[in-house]
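Can you make the complete structure from the sequences, with help from the hints?
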Amino acid sequence: MSAAEDVVTEAPAVEAVPKRAMTLGTGTSLVVLAALIIMPVFVKNFIIFQMTMLLIYGLAVLALNILTGGSGQFSLGQSAFYAVGAYTTAVLMEHFNVNYALTLPIAGVVCFGFGFLFGQPALRLSGVYLALATFALATAMPQLLKLNFLEHWTGGVQGLVVTKPDAPFGLPMSQDMWLYYFSLAVVLAIYIFSVNLLRSRSGRAFMAIRDNEIAASAMGVDVALYKTLAFGVSAAITGIAGSLGAIAVQFVAPDSYTITLAISLFLGMVVGGVGWLPGSIVGAAFIIFVPNIAESISKGLSGAVFGVLLFLVIYLVPHGARQVAILGQQLAGKLRKN
Amino acid sequence: MTTLLNVKDLRAYYGQVQALHGLSFSLNEGSLTTLLGANGAGKTTTLRAICNMVRSSGAVEFDGKPLNNRSTESIVRFGIAHVPQGRGTFTTMTVEENLQLGAITRKDSAGIVADIERMYAHFPVLKQRHTQQAGTLSGGEQQMLAVARALMLRPRLMLLDEPSFGLAPLVVRDLFGILGKINREDKVSILVVEQNAQLALELADQAYVIETGRIVMSGNAKDIANNEEIRKSYLGY
Amino acid sequence: MELFTNQVLAGIATGAIYACMALAVVMIYQAIDHLNFAQGEMAMFSTFISWQLMQWGVPYWAAFVITLAFSFVAGIAIERILFKPLVKAPVLTNVAGFIALYAIINSSAGLIWDFTIKQYPTPFGSSPFLGSQLISTHQAGMIGVTVLLLLGLYFFFQYTRIGLAMRAAASVPESARLVGINTSWMIALGWGMATAIGAIAGMLIAPVVFLEPNMMGGVLIYGFAAAVLGGLTSPFGAVVGGFLVGVFENLAGTYIPGVGNELKLPIALALIISVLVVKPAGLFGRQIVKRV
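Residue numbers (the numbering used here), protein chains in the order written: chain A, 86 to 423; chain B, 1336 to 1572; chain C, 104 to 395.
FYI, nobody ran anything at the bench for these hints, they're computed from the structure. Predicted model, so just to flag it, every value in this text is computed and none were measured.
The calculated DSSO-like cross-link candidates involving lysine-lysine, where the alpha carbons are at most 30 Å apart (straight line), are:
1) C:Lys191 <-> B:Lys1400
2) B:Lys1400 <-> C:Lys187
3) B:Lys1343 <-> B:Lys1557
4) A:Lys249 <-> A:Lys129
5) C:Lys191 <-> A:Lys419
6) C:Lys187 <-> B:Lys1442
7) B:Lys1557 <-> B:Lys1567
8) B:Lys1522 <-> B:Lys1462
9) A:Lys384 <-> C:Lys221
Structural data, given as structure tokens:
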């Protein structure tokens, strides 16, 4: 044993979510879905817009859940992929008149490539080192978007305005409502894809890598391939979320995609329950609504109130919303017995 | 003969799995007792439960004082030194630092310095390597270091978890010889967990056999060693 | 060539800031195996405390010492009250806790002292050091204090009993408990020391970057990067890393076209990460051998 070495047998840094607990039961899922479908009929346009943003951020948190909760790789850089997706859509729509729906798969492919490429150097990094690398990516992105020689395409510091689409086929609904249903469909499709991905062979490969990389590699899992694949998939989904975000908010600008977004998405993942896909929307709700609540409690100390609320959440449920769901399940079980 | 350690109805759990199912035994002051059994029987768990390193219930008393809800480090301060499986050497620190750490809870610096010299007398190879990083020592040397470190506490009771593991037979004989000496001359009571039943029974005066988390046999070490039936059924030789 | 030498020297001077911060980062990392995102804010808050004391008429060095003591106690208190309950929680939950702490401290400082920048005095004066145009007396003072701090820490860890106990607790916590060390309190002590070191860093940096609640943001990242570059297990590496980061940053700004102030940070980070890809444990860190 070399004197300069520390031999470490580590517990995995990201804890595993038991397989049967990975998603909501069929019954609960259908109830939630029904609620999501019916809801816009009863509320004002602004609320519909907020719900759309909820779905969009939920999608971005889901992507992070696949990367960190699934393959065990940390990322504080998701805002970069979100930005690339958003700008891809904006540039395609505004400079090339591409139909908004078509920009989504294109953004997905572009971001997949970007994520896959980033995953390559990231292969040699893990834990805190990977966090630092992704952090660098996130801080670089707004600056890269402001670069002078890209200004013709990106609109520089001002960014680009994005036109919100009307409902197609003359359907009798507002733009906001159409966008909501469109986003819901996209999110649903990706959610189903993600659940199946994590249950598939690739998903098992991800989780093997997360739990014990050396053992996984010894069992023949192509660690390099799956790690970069995880980054690619996660980046693609985040990019699609960014595209939807660009359309919903109707503009893109470099300072909308800072490290604060990346940190928020990370917090959303923790609050929702790392690796628990349904929790993504709970996490998204936290990062959208709690800062507003904090500000309404105290304008001057909004950051401090947010911090306190965050602490409360992590003390009560250190494992995030998943813990609440498990408690709920246990309660339901007890009630059924009685 | 006073009872030094008294274990009653000890149960221990690793998460949802129960490893000890109501273990009871006791140790007299000055004795050298061995805990035998097959792999997975619960020997290591017993030692860990005594030091409260694993979730457990039941009563453990040391010198009449209950150990149950105390932290590991406070149990150690009662005078129980535990040499864990794998030795737990501070590999990045020097041999001498490892010995100093054994005495970290003591306040008598002159006594500590004297004891370090005594350890070097017991284990000359440690003196040779005293400025070397502990991780560079061989398995046998690290085991000696672990025992020496435990002795630096001036413990009343020493717990050893499979000290023969991974060591050549001659080295094991040496080590066990030293353990016997420590027990007789320094009056340190010893509880040693071992898979190598034959050697352990030669060294010890009392023996207990564990199987799936329960004591199935207890008695004088010589009697157990001479009882062919017991040896064949429980100890495999 | 002269430009290069000048930039290198200037980089070393600014690097003292990062070196000091990196020491605090390594200190905490040794204790808890995590990077604490709120450390910069804690350093900033301590610096504000010292500023406030001076506003109330307390002389510089008295304020310095009182602030150190306060920071040490505050660090221990924060660990015991806020993070001890999270010891069994997953790593990522702890990280969320650091982020929450960041928000609380940053926001509170903004409310108490507002966001206008304030002048902060230096005990070293700001004249050119030994007549050189590149290093001021304050920067020389910073380098001097950082080196002293490093020596002090070395002495503490190598030659004191409690330093030995802390090293043991960080190295093999289970064995440390088996020799009677209260590893939980060692963590608290690590926090206290890291907070005090952070306070020193803050009080040295403030004269240069001016005192305001957001002053430590960039510095902390460079501090992390420096600590990681040096090898998270080595205080000496952290200090060397800090100086190197200062030099990288300056050279990048000077020699890479199009790199204004905004891109310096990502470029410096990119350089550091490239080093890590080649030497994953950092320049002076111990190679960690992972066993299945």
